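Asker: The chain contents come next:
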Amino acid sequence: MNPMELVRARPGASRTVTFDGRPLAALPGQTVAAALWAAGVTAWRSTRGAGRPRGVFCGIGVCFDCLVTVNGRPNQRACLVPVRPGDVIRTQEGTGRDDD
Amino acid sequence: MTERPRLAVVGAGPAGLAAALAAAERGVRVTLVDAAEQAGGQFYRQPAAALGARRPQALHHQWRTWERLRAGLDRHRAAGRILHLTDHHVWCVARDPAAGVFGVHALRGPAQEEGVVVRADAVLLATGGYERVLPFPGWTLPGVVTAGGAQAMLKGGLVLPGRTAVVAGTGPLLLPVAGGLAAAGARVAALAESAGPAALLRQAPALAAQPGKLAEGAGYAARLLRHGVRVLTRCTVVAAHGTDRLEAVTVAALDRDGSLRPGSYRRIRCDTLAVGHGMLPHTDLAETLGCSLSGTAVRVDDEQRTDVPGVWAAGEATGIGGAALALAEGHIAGRSAAARLRGTAPDPRRWAAAGRARTRLREFAAALDAVYAPPAGWAERLPDETVVCRCEEVTAGEVRGAVDPLGAGDLRTVKLLSRAGMGWCQGRMCAPAVAGLTGCPLTAGRRPLARPVPLGVLAALPDTDTGLPETGDDLAEAEVGRTAAEVGHPVADAGPPETD
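Keeping their order, the protein sequence lines are chains U and C. FYI, in full-length UniProt numbering the residues of the first sequence are 1 to 100. FYI, in full-length UniProt numbering the residues of the second sequence are 1 to 500.
Note that these hints are calculated values from the structure, not bench results. It should be emphasised that the depicted structure is a prediction, and the values quoted were computed from it without experimental measurement. Any given hint might turn out to be false.
[As the list claims (entries may be wrong)] Only part of the chain U face toward chain C is listed, based on derived beta-carbon distances under 8 Å:
{"id": "1", "residue": "Ser14"}
{"id": "2", "residue": "Thr16"}
{"id": "3", "residue": "Leu27"}
{"id": "4", "residue": "Gly29"}
{"id": "5", "residue": "Ala34"}
{"id": "6", "residue": "Trp37"}
{"id": "7", "residue": "Ala43"}
{"id": "8", "residue": "Gly49"}
{"id": "9", "residue": "Gly55"}
{"id": "10", "residue": "Asp65"}
[Unchecked claim] The calculated label-pair distances, taken between Cβ atoms and stated as ranges, are:
{"id": "11", "chain 1": "U", "residue 1": "Gly72", "chain 2": "C", "residue 2": "Pro469", "range": "32 to 38 Å"}
{"id": "12", "chain 1": "C", "residue 1": "Ala111", "chain 2": "U", "residue 2": "Gly51", "range": "41 to 47 Å"}
{"id": "13", "chain 1": "C", "residue 1": "Ala373", "chain 2": "U", "residue 2": "Gly49", "range": "40 to 46 Å"}
{"id": "14", "chain 1": "U", "residue 1": "Gly72", "chain 2": "C", "residue 2": "Glu363", "range": "51 to 57 Å"}
{"id": "15", "chain 1": "C", "residue 1": "Pro309", "chain 2": "U", "residue 2": "Gly72", "range": "29 to 35 Å"}
{"id": "16", "chain 1": "C", "residue 1": "Arg64", "chain 2": "U", "residue 2": "Gly86", "range": "36 to 42 Å"}
{"id": "17", "chain 1": "U", "residue 1": "Gly12", "chain 2": "C", "residue 2": "Arg269", "range": "34 to 40 Å"}
{"id": "18", "chain 1": "C", "residue 1": "His241", "chain 2": "U", "residue 2": "Arg73", "range": "45 to 51 Å"}
{"id": "19", "chain 1": "C", "residue 1": "Arg269", "chain 2": "U", "residue 2": "Arg22", "range": "25 to 31 Å"}
{"id": "20", "chain 1": "U", "residue 1": "Arg73", "chain 2": "C", "residue 2": "Glu363", "range": "46 to 52 Å"}
Ideal Cβ placement from N, Cα and C applies to all residues, glycine included.
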């Protein structure tokens, strides 16, 4: 059993996105966080201080732990932002602005 | 009044929906403002439409109630009585006391860059709650999520964070979360609940008065049994282990005095820990409006009115009590608002059934609250090196240091001295832990902006009490029924997000 089978989902065609350069298949309607979880990824940020990995914590947009860089924009809440075809998702290092 | 009055309902969960339907049925034009793409709130969070779920009820309880709410919403939307603004993230509600007019300020769309102001004659806050999680070593590891977060990701995105889960903490949410994860194919290695049977028995009379709620709990328990989930009571998470992600948790039995029983430590391999210690109300919008709180919840009267004229509140925002209580409160609030907006006093006898349900369910919630208290001794056990403030990476030792030797006596001073609560989440995640560690009372957060707002949106606001433009029409009748993207007052094209 998996969640898709449980609710008898018939999702639309998957789209390709990249996570740190690696192509992933994402389903339409999923958030960035859901697409990453579905691909087995649970961490996509390293903290500003200790550089520790983080991912989803609250899942509803309150905790800001799941911040991620999408298409060059840092500080996006992965649990809220819907994934779009071709999205370039990158692990956010620190404030996400170190590359600027 | 030539124009029908307009009520803005913030939040489209059970309380907001019940309120919107009750008001719309009584001739009020309702603008339902909600952050999600679809109505339902957290309890009835729906899978994204594009996922094509043909049986979403497999992840839900009380589905018939949801079908009734959804049918009502569809009917009133079609008739133009309810305007449902989806994907609108409200960050402030402002009031002009002289004119009795409100401006509901939201950021639109997933990017949350464009500002919108909705005008209303009254406001009903159904902002819900969020989870309280108390820290323990390893709680910041990826794979450790809130119980509600695991459920939200499952209901909305149809995904699991891993294959083997432990569900832990305390509270009535843990049972349906464990059941949902198991039904969706996760192996739930254990459910560790820190409350024990004795605490339940102490509240037996109050609980026994709620046969419906007990049956609901028994249903959840039966589901766990079916999936072979081991339920450990009087048991708490001691630590989560792993280097870059969760690999195992250690749980231990709690003695009556709150100490951990020697020899009871058990290490369980898992890649997911769903953990929660109850819920807290979302009160930011109410506080900014000047509404009084009672403890951490918005204070309301028998009609669900706050002490600010024209502002009602219902559901978890007024005290954690679950979806059924939220429905009763929302219904009463919507009827009261409809009557008051017409300039008449409502007759409470008309909502007697909802009133009785509210009384009963509040008693039940109080009894549950007494059973599911945070595990005794958690604060004393927390090692100094454990991170407490997840945003600013402030440790328990640093938080303790703000009190002794630095002398802080309230959460705000602790924040100023230690940075705990100063980060992105504005203390929503760590405030209960900081309060427990320092002995400071858990006070309201006082967050004038309920979420981050681009500077461009703030700069573009007109200089009025409500932030509404002085001239120009607000949401006109003609706009009802148009898509959310076409209505509201755009405030600004914010451009790039806020600077560092």
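Asker: Evaluate each hint against the coordinates.
Answerer: Structure-based check of each hint:
| no. | hint | result |
| --- | --- | --- |
| 1 | Ser14 | violated, 11 Å |
| 2 | Thr16 | violated, 16 Å |
| 3 | Leu27 | holds, 6 Å |
| 4 | Gly29 | holds, 3 Å |
| 5 | Ala34 | holds, 3 Å |
| 6 | Trp37 | holds, 4 Å |
| 7 | Ala43 | holds, 4 Å |
| 8 | Gly49 | holds, 4 Å |
| 9 | Gly55 | holds, 4 Å |
| 10 | Asp65 | holds, 6 Å |
| 11 | Gly72/U - Pro469/C: 32 to 38 Å | holds, 34 Å |
| 12 | Ala111/C - Gly51/U: 41 to 47 Å | violated, 28 Å |
| 13 | Ala373/C - Gly49/U: 40 to 46 Å | violated, 32 Å |
| 14 | Gly72/U - Glu363/C: 51 to 57 Å | holds, 53 Å |
| 15 | Pro309/C - Gly72/U: 29 to 35 Å | violated, 47 Å |
| 16 | Arg64/C - Gly86/U: 36 to 42 Å | holds, 41 Å |
| 17 | Gly12/U - Arg269/C: 34 to 40 Å | holds, 36 Å |
| 18 | His241/C - Arg73/U: 45 to 51 Å | violated, 34 Å |
| 19 | Arg269/C - Arg22/U: 25 to 31 Å | holds, 27 Å |
| 20 | Arg73/U - Glu363/C: 46 to 52 Å | holds, 48 Å |
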